[in-house]
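J.: Grab the two chains, each in its own frame, and use the hints to assemble them into the complex.
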Amino acid sequence: MSDFLISFWQTYNTLFYTIFIHGMLGLSIYLTLACGLLSLGNAAFMGIGAYTSALLTMKAGFPFGISLIAGGILPSMVALAIGIPTLRLSGVYLAMATLGFGEVVRVVLLNMEITGGSMGINGIPQKTELWHLVLIMGIIIFFFIRLRDSKYGRAMEAINEDEVASSVMGIRTTYFKVWTFTAGAFIAGVAGGLNAHFTYFISPREYGFEPAVDILTFAILGGTKTFWGPIAGSAILTVLPEMMRFMGPYRLAVNGIILLLVVLYLPNGIVSRGTFISLKKLFSERKSNA
Amino acid sequence: MFYQQLANALALGAVYSLFAIGFTLIFGVMEIITLAHGAVFMVGAFAGYTAATKFGLGIIPCLIISMAASGFIGFVLDLVAIRPLRKKKFHHLAPMIATIGCATIITSIYQGIFGAEAYRFPFDFVPNENYEFRGIQLTQLQLTIIFTSFILMIMMIFFLNKTKWGKAVRAVAENSRTGALLGIPVERVYQFTMIISSSFGGAAGVLTGLNFNTIHTFMGGPILHRGIAVIILGGMGDIRGAMAGGLILGFAEVLSVAYISSDFRDAVSFGLLFLILLIRPSGIFGKKIERKG
Numbered sequence: 001m002s003d004f005l006i007s008f009w010q011t012y013n014t015l016f017y018t019i020f021i022h023g024m025l026g027l028s029i030y031l032t033l034a035c036g037l038l039s040l041g042n043a044a045f046m047g048i049g050a051y052t053s054a055l056l057t058m059k060a061g062f063p064f065g066i067s068l069i070a071g072g073i074l075p076s077m078v079a080l081a082i083g084i085p086t087l088r089l090s091g092v093y094l095a096m097a098t099l100g101f102g103e104v105v106r107v108v109l110l111n112m113e114i115t116g117g118s119m120g121i122n123g124i125p126q127k128t129e130l131w132h133l134v135l136i137m138g139i140i141i142f143f144f145i146r147l148r149d150s151k152y153g154r155a156m157e158a159i160n161e162d163e164v165a166s167s168v169m170g171i172r173t174t175y176f177k178v179w180t181f182t183a184g185a186f187i188a189g190v191a192g193g194l195n196a197h198f199t200y201f202i203s204p205r206e207y208g209f210e211p212a213v214d215i216l217t218f219a220i221l222g223g224t225k226t227f228w229g230p231i232a233g234s235a236i237l238t239v240l241p242e243m244m245r246f247m248g249p250y251r252l253a254v255n256g257i258i259l260l261l262v263v264l265y266l267p268n269g270i271v272s273r274g275t276f277i278s279l280k281k282l283f284s285e286r287k288s289n290a
Numbered sequence: 001m002f003y004q005q006l007a008n009a010l011a012l013g014a015v016y017s018l019f020a021i022g023f024t025l026i027f028g029v030m031e032i033i034t035l036a037h038g039a040v041f042m043v044g045a046f047a048g049y050t051a052a053t054k055f056g057l058g059i060i061p062c063l064i065i066s067m068a069a070s071g072f073i074g075f076v077l078d079l080v081a082i083r084p085l086r087k088k089k090f091h092h093l094a095p096m097i098a099t100i101g102c103a104t105i106i107t108s109i110y111q112g113i114f115g116a117e118a119y120r121f122p123f124d125f126v127p128n129e130n131y132e133f134r135g136i137q138l139t140q141l142q143l144t145i146i147f148t149s150f151i152l153m154i155m156m157i158f159f160l161n162k163t164k165w166g167k168a169v170r171a172v173a174e175n176s177r178t179g180a181l182l183g184i185p186v187e188r189v190y191q192f193t194m195i196i197s198s199s200f201g202g203a204a205g206v207l208t209g210l211n212f213n214t215i216h217t218f219m220g221g222p223i224l225h226r227g228i229a230v231i232i233l234g235g236m237g238d239i240r241g242a243m244a245g246g247l248i249l250g251f252a253e254v255l256s257v258a259y260i261s262s263d264f265r266d267a268v269s270f271g272l273l274f275l276i277l278l279i280r281p282s283g284i285f286g287k288k289i290e291r292k293g
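Protein chains in written order, with this note's numbering: chain X, 1 to 290; chain D, 1 to 293.
The following block holds chain D by itself, in its conformation from the complex (with noise of 0.2 Å):
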């Protein structure tokens, strides 16, 4: 029964953690909260619908038409809401508002669009097996969400440690003007970091979407509040740090549900939060924070 339990939570934790890592990537890279991540997460997971339903598309293709549309949003949120703000010299609250007020616009064209209702995959669309593995059952199902979620995220970690444009990322992101200086284009990476990190954003929304089988246009919310609470966990900025947290937030998620009380799930991930911040405010693996004026 608690392996079982483990086997889930790892699904669940594992979206979280993908989730996540574009999250902290923004703010490791460019120093803001994007609180619109919780609605380019719900435009992934519909592109991924309608991949699914209207082209009868696979899981593949449909994670691939996800992040492509959900980077496109990125790149729209970068030039719309942040690029003018970086030329100027911004309160450090002005990105995080205008981020919230073009998660307002984007939650409430896709809630005129598709309107409150609640949309599922199409029956079948990722086969409908079992595995048993030493007395714990394994749907495909959910083998194909933490498989997907890991290779991207190993993918993502590749990426940052060992290519010329991963170097130039985590080199701005440790300074972006020693950066510009050693010739890296910093409004290139800004923008490519946006990208990358909405795509990601929107492949954990479709495999949400799979794994509780609904999606409707509320959806951004509560992960937002999941995605603030495990980037404060793993420390922001921390990609390894996040891909911890969202594991222990999945973990802590299903046992307080397994074994307390199913109502205060979505309170679960504010008490680790609360927790975090009384006890150790720069996260699990976080060194001490330097006060920024």
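If we strip away everything but chain X, and leave its shape as in the complex, we get (with noise of 0.2 Å):
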């Protein structure tokens, strides 16, 4: 038994650091899409963290720790930048803005000298532990669970309802809008920074649109009712692809069928209320065919 578990382990252990990985930028994304709001800049933020911390690092000499958060505040200083003017106008306006913004930040990374242009970054030291991703995961989800019930979250709860209703109430809707954008820009960078430190190779096209999609896949899949639907989300679409082998080129597909579905026909997610309700329905309709 402890032999297969040691097999498993060396055979897989990267999954779970990605797992972790894919977690938190399912969390990233989750901050706006409670608010009602679609950011598809969040694989540019973690790009901008991949990056800035990989530099750091690497060039800088500065210890992990101080690189990782500023490969976190640097995304959400540009978060800051971009949020401000888009976030006044209605949702559809972000949702623009960072599509074209994930474009931007994928033709700067490709033309800086700094950044290794196509080349990308290779040898990055591998610094990032198990233990780090355990205890990052963990200060999230405290954030997360201390969040739910504060002003913050019920006003985003608020704005997601009814925005206008909620401004009428004297909620500051722009602010909070801001707020979140940048705080899950923040987390997006810090996964990026993480991911660099564990990949030790990174490049331009690992932060386009794809993976922009592919995380928003993780929450949209999980449901934004709760916090725990992303990180279920990008849970079951990390293992699902491994699964998936040999599909091959359509292998994206899945992907996208995935998301079309889930809209259709689980509008809140894997974790929700739906699903129970559903699956419920399911196990007594078995015990009455019984």
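Okay, derived cross-link-like pairs now, SDA-like style, lysine to any residue, Cα gap no bigger than 25 Å in a straight line:
{"no.": "1", "chain 1": "X", "residue 1": "K225", "chain 2": "D", "residue 2": "F90"}
{"no.": "2", "chain 1": "D", "residue 1": "K88", "chain 2": "X", "residue 2": "T275"}
{"no.": "3", "chain 1": "D", "residue 1": "K89", "chain 2": "X", "residue 2": "N160"}
{"no.": "4", "chain 1": "D", "residue 1": "K89", "chain 2": "X", "residue 2": "I257"}
{"no.": "5", "chain 1": "D", "residue 1": "K88", "chain 2": "X", "residue 2": "N160"}
{"no.": "6", "chain 1": "X", "residue 1": "K225", "chain 2": "D", "residue 2": "L85"}
{"no.": "7", "chain 1": "D", "residue 1": "K87", "chain 2": "X", "residue 2": "I258"}
{"no.": "8", "chain 1": "D", "residue 1": "K88", "chain 2": "X", "residue 2": "V164"}
{"no.": "9", "chain 1": "D", "residue 1": "K89", "chain 2": "X", "residue 2": "G274"}
{"no.": "10", "chain 1": "X", "residue 1": "K127", "chain 2": "X", "residue 2": "L74"}
{"no.": "11", "chain 1": "D", "residue 1": "K87", "chain 2": "X", "residue 2": "F276"}
{"no.": "12", "chain 1": "D", "residue 1": "K88", "chain 2": "X", "residue 2": "E157"}
{"no.": "13", "chain 1": "D", "residue 1": "K89", "chain 2": "X", "residue 2": "V92"}
{"no.": "14", "chain 1": "X", "residue 1": "K151", "chain 2": "D", "residue 2": "H91"}
{"no.": "15", "chain 1": "D", "residue 1": "K87", "chain 2": "X", "residue 2": "S272"}
{"no.": "16", "chain 1": "X", "residue 1": "K281", "chain 2": "D", "residue 2": "K87"}
{"no.": "17", "chain 1": "D", "residue 1": "K89", "chain 2": "X", "residue 2": "P267"}
{"no.": "18", "chain 1": "X", "residue 1": "K127", "chain 2": "X", "residue 2": "P63"}
{"no.": "19", "chain 1": "D", "residue 1": "K89", "chain 2": "X", "residue 2": "I277"}
{"no.": "20", "chain 1": "X", "residue 1": "K225", "chain 2": "D", "residue 2": "H92"}
{"no.": "21", "chain 1": "X", "residue 1": "K225", "chain 2": "X", "residue 2": "L279"}
{"no.": "22", "chain 1": "D", "residue 1": "K87", "chain 2": "X", "residue 2": "P267"}
{"no.": "23", "chain 1": "D", "residue 1": "K89", "chain 2": "X", "residue 2": "G36"}
{"no.": "24", "chain 1": "D", "residue 1": "K89", "chain 2": "X", "residue 2": "F276"}
{"no.": "25", "chain 1": "D", "residue 1": "K89", "chain 2": "X", "residue 2": "A158"}
{"no.": "26", "chain 1": "D", "residue 1": "K88", "chain 2": "X", "residue 2": "V92"}
{"no.": "27", "chain 1": "D", "residue 1": "K87", "chain 2": "X", "residue 2": "I257"}
{"no.": "28", "chain 1": "D", "residue 1": "K89", "chain 2": "X", "residue 2": "L264"}
{"no.": "29", "chain 1": "D", "residue 1": "K89", "chain 2": "X", "residue 2": "E161"}
{"no.": "30", "chain 1": "D", "residue 1": "K89", "chain 2": "X", "residue 2": "L279"}
{"no.": "31", "chain 1": "D", "residue 1": "K88", "chain 2": "X", "residue 2": "L264"}
{"no.": "32", "chain 1": "D", "residue 1": "K88", "chain 2": "X", "residue 2": "A158"}
FYI, nobody ran anything at the bench for these hints, they're computed from the structure.
T.: This is the structure in structure tokens:
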């Protein structure tokens, strides 16, 4: 048994690392989705964080912790700069501005000298340990638990339900929207830094439109009613591709189909009351049939 | 030199306008943003390419086939992703996310079939001749692109303003409930809007493929970003704004490549988008936007 466990761990330990990193990314987009906003820029924020922290540890010799935090702060500054003009308007503008923004980040990373162009950065010291991930994930989850019943969490829920009504109630909607967008960028940046120090290779291609859609799929599949949704969604979608290897080039289509089916049939995601009710129905039907 | 650049910009911008006109019409009528419009564009380009290489057809039949193919994809998109959501009371993000899913499905199927390599239209598909007009060189290709785009766009404007169906489309765009009360078949109008807008996207795909002489399965992404910039520039849902916005983006891109650097060509559209969001979020011709709940 222990032999089996050891060989299992040796084969699949990278998968656990990836589950944690994807979980953080899912949570980073959850913040904006919980406000009823669609941000397609989280992959770009992850990229900014990854490059910042990798360059700080490699070129400037910063300790790992500090470069991680810097890798969170820079994307959130950028998010602030994009968020203030776009979030004054309706949510649609954020989706479109972030879509374009992701492209710009990719182009800039491709053309700058310090980022290594299309070759990316190679040989980043591997500093991410599993316990770092567990610790940071724990901090983030603690933050989300505290957030849920706080002023901020309730404001987010109100804005999601009805933005006009909540602004009439005296909630500063733009302030809260900018805040969630910025905080999401911070989490994505930290996740990017952790990922860079785990895969020791980063290139602009990893932060384009497709990863942005992947991150969105994590959150939509899991559901955005509670923060456990994106965590569950990213765990499922990290393990699933391993089983889908036989699909070859059509593997990406699976993501698309999941996205479509969830939006149509499970609008609140997997971790929601809807699933619970339909499961209950399924089981009670089985019982009555038997 | 400057006038030469303007001629190039006109060919580029005309195609952007053609792509954005459908994109903005969908938003105007259905109040959704289909992020699958880039994939529809790619489908149109490949349909035109297949018609040209497999059946050896000329440019006009190719355009018609490509418009039919992409119009069909638009119809399927509406049937599969958008109509079911319309039936329910949906969250305003739902159609956007559903169309992202559709775009991913379409693109990955095409990547499975055509792979990642670039395809070219047959040599001499458009005769390789130059015309000189007061020192400005215009290739026949550029002229074809400019004329086709403008003829299609004028047809669209004529259709919307003068025909019965066009008036129905505009009425639904104004207020779908009142339209329904007046006896307009609103569902059919939505379907029709998706088909016609997508077919315009497909035509833009063929023309872009000709302009750059490459077609590949990733071509939907960049045009989608530009389309977004253009419709915000022109004011969302505004047909004439989209036309003007496309031309402005074309000029901005060509001039930035000519006088600054070609590395950041893909970033110009975002710069423009960001600028307009800061200064005049309702678009260049836009009125003040009322916030809707």
